[in-house]
Amino acid sequence: MQGLLDKLRATVGAPNVLTGIDLSPFVVEGRTPDVVVLPGSVGEVGAVVQQAAAAKVPVTPWGGGTAAAVGAPPARVGIVLALKRLDRLVEHEPGDLTVTAEAGLTLEALQTALRARGQWLSLDPPEAERATIGGLIAANASGPRRHLYGTVRDLLIGVTVVTADGSVVRGGGKVVKNVAGYDLPKLFIGSYGTLGIVVEATFKLRPLPEDERLVGVTFDRLKDAGAAARAVLAEDLIPNAIEILDAAAGAPLGLGPVTLVVGFDGLREQVEFQASALADMTASLGGRRATTLPASAWTHLAAPARDAFASPGAVMSLSVLPTMVADTMEQGTEAARRRGLASAWAAHAGVGAVTGAVVADREAATVAAVLAEWRVIARAAGGHATLAWAPLAVKSQVPVWDDPGPAGRIMQHIKAQLDPNNVLNPGRFVSGI
Amino acid sequence: MATLTLDRKSALRRELEAIVGRGGVLSEPDELLVYESDGLTLFRALADFVVFPTSAEHVAALVRVAQREGMPFVARGAGTGLSGGCLPSEGGLVISLMRMNRVLEVDYDNQLAVVEPGLVNLHLSWAVGPHGYYYAPDPSSQQACTIGGNIANNSGGPHTLKYGVTVNHVLGLEVVMPDGEIVWLGGKTRDALGYDLAGVFVGSEGTFGIATKIVVRILRKPQAVKTVLAVFDQIEQASAAVSAIIARGLVPAAVEMIDQLTIQAVEDAFGCGYPRDAAAALLIEVDGLRAGIEAQCERIVDACRQSGAREVRAAADEAERQLLWKGRKSAFGAYGRVSPAYMVMDGVIPRTKLPYVLGRVNEIVAAQGLRVGNVFHAGDGNLHPNILYDPRKPGEEARVVAAGAEIMKICAEVGGSISGEHGIGLEKSDFMPFIFSAADLAFMQRLKTAFNPTGLCNPGKVFPTRKSCGEAGPVAYRPHPIEERGLAQRF
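Line by line, the protein sequences give chains A and B.
Mind the numbering: the first sequence is residues 1 to 433 in our numbering, read in order.
Mind the numbering: the second sequence is residues 1 to 491 in our numbering, read in order.
In case anyone wonders, no lab produced these hints; they're calculated from the structure.
Remember, it's a predicted structure, so these values are computed and weren't measured experimentally.
Treat the hints loosely; a few may be bogus.
Claimed, not checked - Distance ranges between label pairs, derived from CB positions:
hint, chain 1, residue 1, chain 2, residue 2, range
1, A, Pro252, B, Ala247, 33 to 43 Å
2, B, Lys9, A, Glu235, 31 to 41 Å
3, A, Ala55, B, Ala247, 50 to 60 Å
4, B, Arg8, A, Asp403, 36 to 46 Å
5, A, Ala54, B, Lys9, 46 to 56 Å
Where a beta carbon is used, it is the ideal one built from N, C-alpha and C, also for glycine.
Excised from the complex, chain A in its bound form:
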């Protein structure tokens, strides 16, 4: 290890190699990394990966650390390769509606720069002040506005990655439409650093809307809010978000028991028209008190289920058919209640992205049993579930990832081709990757 440390210090400079007490912010699932390295250039990232590969030490890429707890517990964290020094906004040409940034730039810093020129990257995941460009690609992070604007896969048009052998590879490009070569950007989205380390990315942008408004509507039952969400989908409205929050998740909005939150943006007259159409429509479906929410409510919509508990016992993301959202939330609540546990639920209802959080319990087995049942519910609703956060005691009893079936073998083949020595974030991903 000492030999490797010396090489790393020679590569990135001694102040950029952290050891000892400095490692504590980088502990993953109770495991402390051997060393944290902060390269200052793409070339240095490549050199560090090469040195790690030669020493047979795993590499854990690290952005803002917001998703570090996602995934199976690692056997060894090895070298944490932190990208925070690669934080330049490389190129923003407003006329092209594209931006290129380095992986370590935080989303908030990027948005601030873009807003100053009337544009934005239409992604609104939680913790934008910590989340980095590279991390949001690796974790496929998203937020409520994905309803209209999609996820990273709809916006990322180019990536530069350092691969498992330390070489630099580019995929896609800087233009908004491009079919030359395989779509490498798609490959890295949601790959959690297992196939390469994103060091730079290019995105499509949008102009900032003239106006935006969030409207909250109160319902007595999840079922009714679900029916209202479906009615909104079937209408001519073009919302940018459709959220359903149960009593626990929606409490800070003060509208419960169940809250349907719908966002609109565009020209002022479009927003006015839609907000009033929504109020009329939901009133006929049992909705009450259609209320304009303050813009600060957007922040609360990023992770409302998780935030419902000071220290949740576990958080699970369930991807289901949009029509199954309210049923999933109801069944999930009931499954927890049967075991005596409170839960909180929220959903990006129009796209079927549901999150459940269960309160902490002394018995990890009880929490695990609830999560196992939630997964069965997700599958029955046509989807799958991922354990977004849980303590080790729970993870040891519930797999983090669902089984992708035969597609898992293709994923293993891809990993074997692109990282044959299993250097990058080994053992944490789907199908044992």
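Given chain A's structure and the hints, the job is docking chain B onto it.
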């Protein structure tokens, strides 16, 4: 692949017929000729067999026979591709999916449909139209091209400016892998489990396997649509108008540019109402809510006027709107009136580089003594220079190819790409080094190996093939082994 003996060939034919039925196999040279090209007639190659499966199980069985025989195989839709991507360039099996053309399921509540790959793109919009829905990606060939072919090329179309390309509308695929296994990539829900295999598969040009079922999103038809025609005396003004529209924070559904040569060809052929003396016209569409659509329209008209448009008018009714779009979508066909043949390029550039690159394109083509018509997706920066030529004139084809290579080089130099929606196929494979390094290509090659380890699934596409670096331009035509043996003739 070794040349098939006649005995071996008839034995194989019987085996293929046992899989797909007697009416489902072609192997006579005159029958195979129909399948020797796609929409890019510069390239030709004859298959040993063309087969017509009707199920994923058929496709799987065919693929397994091909693997056992070491025989290349390639999927084919309507053959409207423009890069030679579905050609059996090394012989073997063409698997036509045209008999798998059903809409299997439509779920309006979840806004998705499950279709077979041979379904014609426009037929899906027809199927869901009565319920107020449509399928957004709309390549100009949408009356003929298939959803499966759209998957292979990640096809675009005029409305991708606002709605994205094919991949943005695909949730999942049932795929016959190159080893014959039937696997689902993605599914009906939005978030992939594990790697986004469906996302990676789309646009892999038939080299990762053959899609047999496709889950696509269907969208609510917009409440209102407004189409504006802006006419310019200088092409630079039209380019400036594109930038001006974007600078005003507008996202039109489409911004298409048509130059003078194209306008005249279209007017001769169809009389769509474009002024023949204009240097360029922009066809701009906004859609969405009725509320605010007039305001958006006004801003666009204003942007065009400020950029020097001599005339800006909105289509008065649906009939006029359809006529304007007919002119745009039929432009390729109209070139037939002014030239015996044309080759369409597909470069993409940053939008701000439009004036510079359009000027360079005209210079490059003129330097080869040829003419060019431009009709393209200006809002996306996706150019379609159509180089007109006469294949009967000796040397002209080579000059077209040379001009095409230079145009691709310019696109690459300004930070663009060599293909926006037509694919690399055979046509552009040797130009991949313009935009990708050896390391980039080696990485893609390893990804291909993960899906397609024997390489028999659509070989010879996407990656550069030529070893020597002295040659310029693709080899337009190589005689097929069947021709060399005197079993087929080319007319």
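Checked hints:
{"no.": "1", "hint": "A:Pro252 <-> B:Ala247: 33 to 43 Å", "in the structure": "holds, 39 Å"}
{"no.": "2", "hint": "B:Lys9 <-> A:Glu235: 31 to 41 Å", "in the structure": "violated, 59 Å"}
{"no.": "3", "hint": "A:Ala55 <-> B:Ala247: 50 to 60 Å", "in the structure": "holds, 52 Å"}
{"no.": "4", "hint": "B:Arg8 <-> A:Asp403: 36 to 46 Å", "in the structure": "holds, 43 Å"}
{"no.": "5", "hint": "A:Ala54 <-> B:Lys9: 46 to 56 Å", "in the structure": "holds, 53 Å"}
In summary, the one numbered hint that this structure violates is 2.
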